[in-house]
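Please build the complete structure, drawing on both the sequences and the hints.
Number of protein chains: 2
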Amino acid sequence: MKTDQHVFLFEEGSANMKEILGGKGANLAEMTRIGLPVPPGFTISTAACMDYYASGQQISSRLKEEVLRALKKIEVKTKKKFGDPSEPLLVSVRSGAVVSMPGMMDTILNLGLNDQTAEGLAKATNNRRFALDCYRRFIQMFADVVLKIDHYNFEEILEKVKEQKGVREDIELDEEALEQVIAAFKNLVAKKAGSPFPQDPEKQLIMAIQSVFDSWNNQRAVVYRKIHKIPDNLGTAVNIQAMVFGNWGEDSGTGVAFTRNPSTGEPVLYGEFLRNAQGEDVVAGIRTPQPIESLKEAFPEVDKQFKKICNLLEGHYRDMQDVEFTIERGRLFILQTRAGKRTAAAAIRIAVDLVKEGVINEEEALLRIKPEQIDQLLHKQIDPSCQLDVIAVGLSASPGAASGEVCFDADLAEKKAKQGKKVILVRPETTPDDIHGIVAAEGLLTSRGGMTSHAAVVARGMGKPCVCGCESLRIDLKAGEFVLENGDKVTEGEVISIDGGTGRVFRGSAPLIAPQLSEEFKTFLSWADKVRRLKVLTNADTPEDARRAREFGAEGIGLCRTEHMFMAQDRLPVVQEMILAGSPSERNQALAKLLPMQYEDFYAILKEMQGLPVTIRLLDPPLHEFLPHLEDLTVEVALLKERGEDPHVISEKEKLLQKVRSLSETNPMLGHRGCRLGLVYPEIYRMQARGIFLAAADLIKEGIEPLVEIMVPLVGHVNELSPLRRVIEEVAAEVSEEKNCKFSYRIGTMIELPRACVTADQIAVDADFFSFGTNDLTQTTFGFSRDDAEGKFLPFYLQQKILTANPFVVLDQEGVGSLIRQAVELGRGRKGSLKVGICGEHGGEASSIAFSNAIGLDYVRCSPFRVPAARLAAAQAAVNNKDQSK
Amino acid sequence: MKTDQHVFLFEEGSANMKEILGGKGANLAEMTRIGLPVPPGFTISTAACMDYYASGQQISSRLKEEVLRALKKIEVKTKKKFGDPSEPLLVSVRSGAVVSMPGMMDTILNLGLNDQTAEGLAKATNNRRFALDCYRRFIQMFADVVLKIDHYNFEEILEKVKEQKGVREDIELDEEALEQVIAAFKNLVAKKAGSPFPQDPEKQLIMAIQSVFDSWNNQRAVVYRKIHKIPDNLGTAVNIQAMVFGNWGEDSGTGVAFTRNPSTGEPVLYGEFLRNAQGEDVVAGIRTPQPIESLKEAFPEVDKQFKKICNLLEGHYRDMQDVEFTIERGRLFILQTRAGKRTAAAAIRIAVDLVKEGVINEEEALLRIKPEQIDQLLHKQIDPSCQLDVIAVGLSASPGAASGEVCFDADLAEKKAKQGKKVILVRPETTPDDIHGIVAAEGLLTSRGGMTSHAAVVARGMGKPCVCGCESLRIDLKAGEFVLENGDKVTEGEVISIDGGTGRVFRGSAPLIAPQLSEEFKTFLSWADKVRRLKVLTNADTPEDARRAREFGAEGIGLCRTEHMFMAQDRLPVVQEMILAGSPSERNQALAKLLPMQYEDFYAILKEMQGLPVTIRLLDPPLHEFLPHLEDLTVEVALLKERGEDPHVISEKEKLLQKVRSLSETNPMLGHRGCRLGLVYPEIYRMQARGIFLAAADLIKEGIEPLVEIMVPLVGHVNELSPLRRVIEEVAAEVSEEKNCKFSYRIGTMIELPRACVTADQIAVDADFFSFGTNDLTQTTFGFSRDDAEGKFLPFYLQQKILTANPFVVLDQEGVGSLIRQAVELGRGRKGSLKVGICGEHGGEASSIAFSNAIGLDYVRCSPFRVPAARLAAAQAAVNNKDQSK
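Listed in order, the protein sequences are those of chains A and B.
In terms of our numbering, the first sequence is numbered consecutively and its last residue is 996.
In terms of our numbering, the second sequence is numbered consecutively and its last residue is 996.
If you're looking for bench data, these hints aren't it; they were derived computationally from the structure.
This one's a predicted model, so the numbers in the text were calculated from it and none came from an experiment.
Wrong hints could be hidden among the right ones.
In this list, chains with the same sequence are indistinguishable; a pair is considered to hold if it fits within one copy or across any two.
Simulated pairs of lysine-lysine, DSS-like, Cα-Cα distance not exceeding 30 angstroms [what the hints assert, rightly or not]:
1) 751 - 763
2) 588 - 763
3) 134 - 417
4) 599 - 526
5) 588 - 769
6) 765 - 588
7) 911 - 182
See the structure below:
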């Protein structure tokens, strides 16, 4: 639209004129257009700005005329006159580019004040102190923005006067002091600018407009545009709006209101107002505001109008609004409206209500909630109003919050828990030996280890809060205390609180807020389930986990880790026996003891999940994880020798040490684990497969439908998968014959190595499904050991913006994602029926779920507590994808 | 060619009739065709075999007629008659498929013998024992192959007779005993087969032919064809050839000769012969053969003919031949000819001579030598004839051989070396503290650690022999001995020998063969240089390495590792000071001490390599590699405490322990190393860059041309490279200004992470070159820690054929290669001028070099000693590529 018009009254514009009016101008126009009582004003177009530059930075006389003509209309509307000494019209002047450039350009308030109009304002508002304060602020702002006089000079004057008067705060300055300040300011301006402070309001206005135009090309703005790739030829608009004052007298006031309760979502007005006051007064907290309900009594007409406006706003913006208003001499003005911030619970209630009210549809409602907000609803949280001191911060390893007595020992933790006490288990790091203590504890705190440490993994699996790798703590187990960075100590039995969602540790018992699962929540998620294409599976290693996951809406178990079953206290000795076996027959004896235990595990889980698929991953971690630590054992042996203990005892320990050493690895993450174990010790996988199939057969006989999927971990070459597939098929055939029972099952593999991705076509031949292990795939693709990276260089990388997000939390779509894409294309190219999904922790993260949806995966897998959030994220991905493909 | 003819005399065929005659038949025909005196014979075609199957496994009367007609012609040629009781024609019957199926099908010798012809043979050869032995062997072979009587039955009879006669060896059986054996054999056949042993030679022949046809479909053959994807409908040919006997009398004999000396390549006949003997006699070693030179005296005519034939053979097969011959009653027969095995030195001499003689061209000569053979020529080797016992086998970590006194301590090793003694340093593993001992030692032997262990890397860098990870050794440093698997001990000071090329360890001093670098060798490599396209660079960390590499023909240094410079004994304390620095200023002090040292390093190397590029990799390994081992230190602290030592000493040690612990990593390979160090501690890279540029500036002033390339390691994201590029450029500008000297340089990166490969287009923006670090890329792509894999599951993988080759030795083209391809395409797509090469250990391996050539890399990098082999491999790749693209 090419037009000669360069100045647009608010009522002449609308939301879709952003290119001409800039973002702010278009918004003001839109509010005016829909009939809100916005303080009147006008916008100088971006085209005028570009004309200004084209004509050598000159405000044309034509533009000046247009501005003054528009100003006249404002005068009519406000019934005030610009420069009127008795009741002056004052205006604000603000920049407003097409693309928002926050903080890059300038604002001037109260323009139009001079020695005379200031006195007029004083009289009109019956508040001379206020008028003088406005005036001195205006001088300072104008001098800074327009005359480029460093505001430091003004601060200096202000400080000096305050010192003279013996006061500390600006607000304490009386009228006389302010007069003194204004005089000094004007002197300063005259000296620095070489001419007196302009008293002519029209001159002030033109200078301000020119200054806003100039700010388009100030250094900050140019750099900002370069970084954000914003074209230089857009120009900025200038918004000129009448000032209104809520402190004009007792018939005036100001307030803020939400159109619904932002805490609960209840559809009632929520807010507060203050009579004869400005917005600043509300913020400063000098006077206590009244609840919005009392507006009805104070200003019955305004109240009616305001309620109508709130309805109008919700209808127009189709969301709960946060509205700022001012009443000037009985007249209501809306200063700003925007979508209101709200709690997760309120967000859901509002979205569901808006759908019921016919304001938005279900898909829109789904897009209104961030999946992370859902998380908030499922875990206990520390009351945000809590005033406890944070004494340390570690890694946020498992969400939720907990309080309890500090306990350094798993046995003691168990004992105390039995006595009904709440405990937080605090350890340098945890091992399988600590499992009973972890079960007993409310939460875990460790000083070592990262997001995949034993403590973190076990805690997430159990849904317990955990803060890991809190390296600033020095734990002294002998003394029964831990020392903080500042030297303070926390001793055994003291109460601490941890927030696994933020990694914070508090001294004392923090008030916890319970999770809220409303009817609206269920309704909302049912809408999500209607539109999403991705299935949402979960991980579960126990029947309890499985039950909870079903409750949260999981459509199956995408990852059932068998190693945690091995770590149970009663099993670990048998597992160690199996590992330390001197001969195959000894190993088989130990495996024979493990078989009934594994059978029980699988029987219970498959029963719990009947009718839904259960993907069981065969043993994955290196065997040394089940043995004592090398370092501890080395010290033990050295000490036994030093003390001259029984040679037989020493020799036994040395034998164990030798075995542990022979199994220990330089880089265990890249060592003898996963299918590499299954290939070298097929008897282990054979035993596991046997346990699974025996359980399946028995369930079928009971009339229950087990959907078994067996997953072989860490395959990088099809030749690793093929022989293991044959082993599993053999066991299935054996069990089927023994039990005289037919069952179906699937065999698939984790794709968690780059080599598996680029040779996925070959691997697909022997796989019924691919499950992307994005944790390990991220580690190998980046060459990052998560445990090491998160404790060492990753925080630095994020701080320096070398990486924009932690790739272990947000899937790296460029790198890791590229490999996943290749694998999906190669795999499906070879076998169209291949089932493909993500089973790393990314399966619970929204942007990663969107990516999974976009590249056509069948499912995502996440921890039980993340299932609802993942259902929502999957729904959002489906809606957004549909929109894109329109 | 469809023909009715099913039987072809040797003289009717040729080498290109393989499909009809099978491989062996075509060869026999070819030898006959070029005029060699091959014992006459004929071949039954593969078509006849398929006809046999088509007609329900019946030998047609037509085929029988054709065979007998051909047999008549053989009788004429040999002047013997099939079944003649006085001087019988005997034949061999052998299968011969189109595609060689070694050992899959059967052979029958001496067919035509029966009770009468055996006596005839006895008279004719004047050796009744020989004739009877032939007969009993024939019965056994025929019964086994044709009649399917288990040969175990025959062995039993033989054993019984030997027992009766009181002898141990077959050869000790006299005529009477053999008669007894033959009678028993015939009885057995009659009993088992249900009919007597066939006495009619024609019947024998037809049965044998049928049996060869049948063997095409025996189980072994069917499985073999399935595995090797050989079609089932090819059929096998049958070769029937007259037997000749070198033991017919004093006018007969047998021998073997090479047409050139297989040890030196000298162009003279080389071999031996035995009068009145069969080939078996030569092999059995009962009589000592005469040198081939004496053939002239014994059989002047035959000698002339044989020499002519040797010339003919070399001309025809265009290579040195290994010829088997027999003289029967003054008549020369050639039984077999094939390319002769030869030493590496001989191979080169022969190839160069053949080019000079005009037999082959240079490119053919290049293809005749395996690059591995070149390796043999450059390292000392253990004399292959050496009879020492192998006492252990470890990893072949660094090629070459050495002998010396066992020494368990670096200081002692240095001391002994100064005394002029040769030592082998034996350690569980080596650390930077051992460097002076490694320098002093002839070779290294460790019981722990893999191909990338400190010992292995340092040894390869120095070109010293090294056997690593020899886990069967138990080293007892205190006792000053190591214990072998069998319990034997080797004590300090005893002499052992190691072969780093095979990983073998010997007791005693092994005789070593010095490397041989002949004129022919230089000529040969100059031909390689003419045709290859790939440049061959090397790694060198010292001026000495650099000089040697130039001598071997390296065209630059593709990898100059700076960490080894840090490990030198005089620098390590300063490096530790830098690492342990409590503040940036302390760190800078330590770096200031390192700067002049680094300057010297770079000055000397750049000077040595003037005019050739030197790629310097900035510091790569994690800092804890320069500190004491965590495990050792933990034990030390525990013991100090146990002993109640001075608390101050304990506290200092504990501080060090804490630092070492805080730097220690779960997976150091994936930890805080490479550019991650450079980003967190830019002052380290800044110091290194400064050292490099100062050296470059000084050299330019001396009129020497330094070609500096700086390589940033372990980049996975362009955002890691960009800031470091800026740091390096800043330092360059600073130095350029300070020194008032302009210099050019390149900045590039190692591509050694999968993420770098798939985002290579982005990384290319800030890189002048890519250097594929295929060692680490293989580790991350496979998810294999080399140190762990090679000691644990990789040997199992290779043995089970899960992998066909060790991917750390032979580049995995399917997986790792696919990522490299992507990176090259993406990188060059963004920046056409990008220089790209391989700098892992694969750069010295032939098939990996061929791959590098095929995908268009610019260079390969290998260790100095491998440069000549790599030049050859690169040349072969170029020749083969040219052939393919024809």
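How the hints compare with the structure:
Taking identical chains as interchangeable, the C-alpha atoms of residue 751 and residue 763 lie at most 30 angstroms apart whether they share a chain (11 angstroms) or sit on different chains (21 angstroms). In this assembly of identical chains, residue 588 and residue 763 lie within 30 angstroms of each other by CA distance both inside one copy and across copies; the values are 24 angstroms within and 19 angstroms between. For the identical chains of this complex, residue 134 and residue 417 are intra-copy neighbours only, at 25 angstroms inside a copy versus 103 angstroms across copies, given an alpha-carbon limit of 30 angstroms. In the homo-oligomer, the alpha carbons of residue 599 and residue 526 lie at most 30 angstroms apart inside one protomer (22 angstroms), although the nearest pairing across protomers, at 56 angstroms, exceeds that limit.
When the C-alpha separation of residue 588 and residue 769 is checked against a cutoff of 30 angstroms, the pair qualifies both within a copy, at 29 angstroms, and between copies, at 21 angstroms. When the C-alpha separation of residue 765 and residue 588 is checked against a cutoff of 30 angstroms, the pair qualifies both within a copy, at 28 angstroms, and between copies, at 18 angstroms. Proximity of residue 911 and residue 182 under a CA criterion of 30 angstroms is satisfied in neither setting, with 51 angstroms inside one chain copy and 91 angstroms between copies.
In the structure shown, a violation is registered for the earlier hint numbered 7 alone.
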